[in-house]
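K.L.:
Those sequence lines, one after another, are chains H and C.
In terms of this note's numbering, the first sequence opens at residue 1 and continues consecutively.
In terms of this note's numbering, the second sequence opens at residue 1 and continues consecutively.
Heads up, a few of these hints could be off.
Claimed, not checked - Dumping the calculated BS3-like pairs for lysine-lysine here, alpha-carbon to alpha-carbon at most 27 Å: (1) C:100 with H:150; (2) C:9 with H:179; (3) H:180 with C:9; (4) C:109 with H:155.
Said to hold, decoys possible - The calculated label-pair distances, taken between Cβ atoms and stated as ranges, are: (5) C:101 with H:107: 37 to 43 Å; (6) C:111 with H:140: 31 to 37 Å; (7) H:15 with C:99: 36 to 42 Å; (8) H:28 with C:100: 38 to 44 Å; (9) H:87 with C:109: 37 to 43 Å; (10) C:68 with H:65: 39 to 45 Å; (11) C:102 with H:143: 26 to 32 Å; (12) H:157 with C:92: 48 to 54 Å; (13) H:18 with C:11: 38 to 44 Å; (14) H:133 with C:109: 56 to 62 Å; (15) H:106 with C:11: 51 to 57 Å.
Hints listed in this document are in silico derivations from the structure and should not be mistaken for laboratory results.
Quantities reported herein were computed from a predicted structural model and do not represent experimental measurements.
Where is the CB? At the ideal position from N, CA and C, for every residue including glycine.
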Amino acid sequence: MDIIYNLFFYAIAFVLVIAALGVVFLPRIVYSAVSMILAFISVAGIFVLLNADFVAIAQIIIYAVGITIVMIFAIMLTGRVSEKKLWIAFAPRTLFAFGISGAFFVAVLFAVTNGFKLLLRESSIFSTTLPSIEIIETLQTEGTTGIIGKALFTKYVLPFEILSLLLLAAILGAVVMAKKDRDNLINPTTKLIEED
Amino acid sequence: MSIIEVILKIFNVGLTHYLILGTILFCIGILGLIISRNVIRVLMSIEILLCAVNINFVAFANYSDINNIQGQVFAIFIMAVAAAEAALGLAILLSLYRNKPTVDTEEMKELKG
Numbered sequence: 001m002d003i004i005y006n007l008f009f010y011a012i013a014f015v016l017v018i019a020a021l022g023v024v025f026l027p028r029i030v031y032s033a034v035s036m037i038l039a040f041i042s043v044a045g046i047f048v049l050l051n052a053d054f055v056a057i058a059q060i061i062i063y064a065v066g067i068t069i070v071m072i073f074a075i076m077l078t079g080r081v082s083e084k085k086l087w088i089a090f091a092p093r094t095l096f097a098f099g100i101s102g103a104f105f106v107a108v109l110f111a112v113t114n115g116f117k118l119l120l121r122e123s124s125i126f127s128t129t130l131p132s133i134e135i136i137e138t139l140q141t142e143g144t145t146g147i148i149g150k151a152l153f154t155k156y157v158l159p160f161e162i163l164s165l166l167l168l169a170a171i172l173g174a175v176v177m178a179k180k181d182r183d184n185l186i187n188p189t190t191k192l193i194e195e196d
Numbered sequence: 001m002s003i004i005e006v007i008l009k010i011f012n013v014g015l016t017h018y019l020i021l022g023t024i025l026f027c028i029g030i031l032g033l034i035i036s037r038n039v040i041r042v043l044m045s046i047e048i049l050l051c052a053v054n055i056n057f058v059a060f061a062n063y064s065d066i067n068n069i070q071g072q073v074f075a076i077f078i079m080a081v082a083a084a085e086a087a088l089g090l091a092i093l094l095s096l097y098r099n100k101p102t103v104d105t106e107e108m109k110e111l112k113g
């Protein structure tokens with residue numbers, strides 16, 4: 001069982017890293033969007049491996065469907081054909097970005113493995129307990145939805161309500177900002193209409 | 001301890017492996033955030049950053065807080081904030097595109113950035 005779990009983890013992690021690299025380095029922006037769908041679905045697979053079924057389904061619904069559709073609409077609404085091939089910038093900040101992210105990766109790797117020593121041991125520097133088999137069976141038969149729902153409506157009820165206000169404000173703000181300003185139109189299409 | 005046992009121990013998946021995966025995703029996100037020339041790709045990189053954080057939260061919830069999984073609750077919160085951020089970011093992008101029809105980050109220099 002452990003070997004199968006490990007195989008699934010490495011397969012999903014490989015697909016996830018390749019898809020995330022594809023989002024950054026694919027030349028056309030539409031291919032990046034498709035690669036992003038693959039990355040989000042792989043993240044949902046990682047969540048399933050971590051006994052988080054509700055979060056995995058929410059990940060697919062929100063990220064892999066919702067946000068991706070909004071991104072594809074933005075791609076279709078903006079950009080001329082020549083601009084859909086904008087790739088990475090060849091500027092000094094590119095080298096800077098490679099250096100920063102590489103240094104960050106090495107630093108965090110050094111930290112989570114306690115100076116590369118913990119790779120040889122089973123334990124971790126964090127106080128972890130491997131989930132027992134009974135708890136995992138309960139989670140896999142009953143699901144995590146009940147526990148998350150209870151936590152959301154008892155302990156975290158105030159952040160939950162604030163979050164609903166935030167979503168309302170985000171919807172209203174998006175409508176206000178994306179609405180056409182009728183007073184000063186600089187849009188080329190409306191200039192054509194004025195010339196008529 | 002033979003070499004094969006050491007290799008098997010290193011590749012046995014635990015919390016550390018999930019943290020390393022989250023770190024790799026985070027670094028890719030930062031890289032894409034800085035080096036890409038398309039504004040929509042910058043927004044995609046931000047979503048990848050938030051996914052990396054979610055992986056860390058859920059991994060800690062599984063390995064150290066399995067009885068009352070609070071990391072998953074925080075992952076749900078982060079997802080809601082990410083949805084709001086995507087909607088607002090794309091609204092700003094559309095409004096910017098209406099004033100200056102380009103999605104090139106090199107052309108957006110009005111703030112002297």
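K.L.:
If a hint holds in the structure, say so; if it does not, say that too.
P.N.:
The hints, checked one at a time:
1. C:100 with H:150: violated (48 Å)
2. C:9 with H:179: violated (57 Å)
3. H:180 with C:9: Distance of about 60 Å is beyond 27 Å: violated.
4. C:109 with H:155: violated (46 Å)
5. C:101 with H:107: 37 to 43 Å: Cβ of residue 101 of chain C to Cβ of residue 107 of chain H: about 41 Å, so the range 37 to 43 Å holds.
6. C:111 with H:140: 31 to 37 Å: Given about 51 Å between the Cβ atoms, the range is violated.
7. H:15 with C:99: 36 to 42 Å: holds (39 Å)
8. H:28 with C:100: 38 to 44 Å: Between residue 28 of chain H and residue 100 of chain C, where Cβ atoms are some 22 Å apart, the hint is violated.
9. H:87 with C:109: 37 to 43 Å: violated (19 Å)
10. C:68 with H:65: 39 to 45 Å: violated (29 Å)
11. C:102 with H:143: 26 to 32 Å: Distance hint for residue 102 of chain C, residue 143 of chain H is violated at roughly 47 Å.
12. H:157 with C:92: 48 to 54 Å: violated (31 Å)
13. H:18 with C:11: 38 to 44 Å: This hint is violated: roughly 19 Å between Cβ atoms.
14. H:133 with C:109: 56 to 62 Å: holds (59 Å)
15. H:106 with C:11: 51 to 57 Å: violated (20 Å)
Violation of the numbered hints given earlier is confined to hints 1, 2, 3, 4, 6, 8, 9, 10, 11, 12, 13, 15; the remaining hints are satisfied by the structure.
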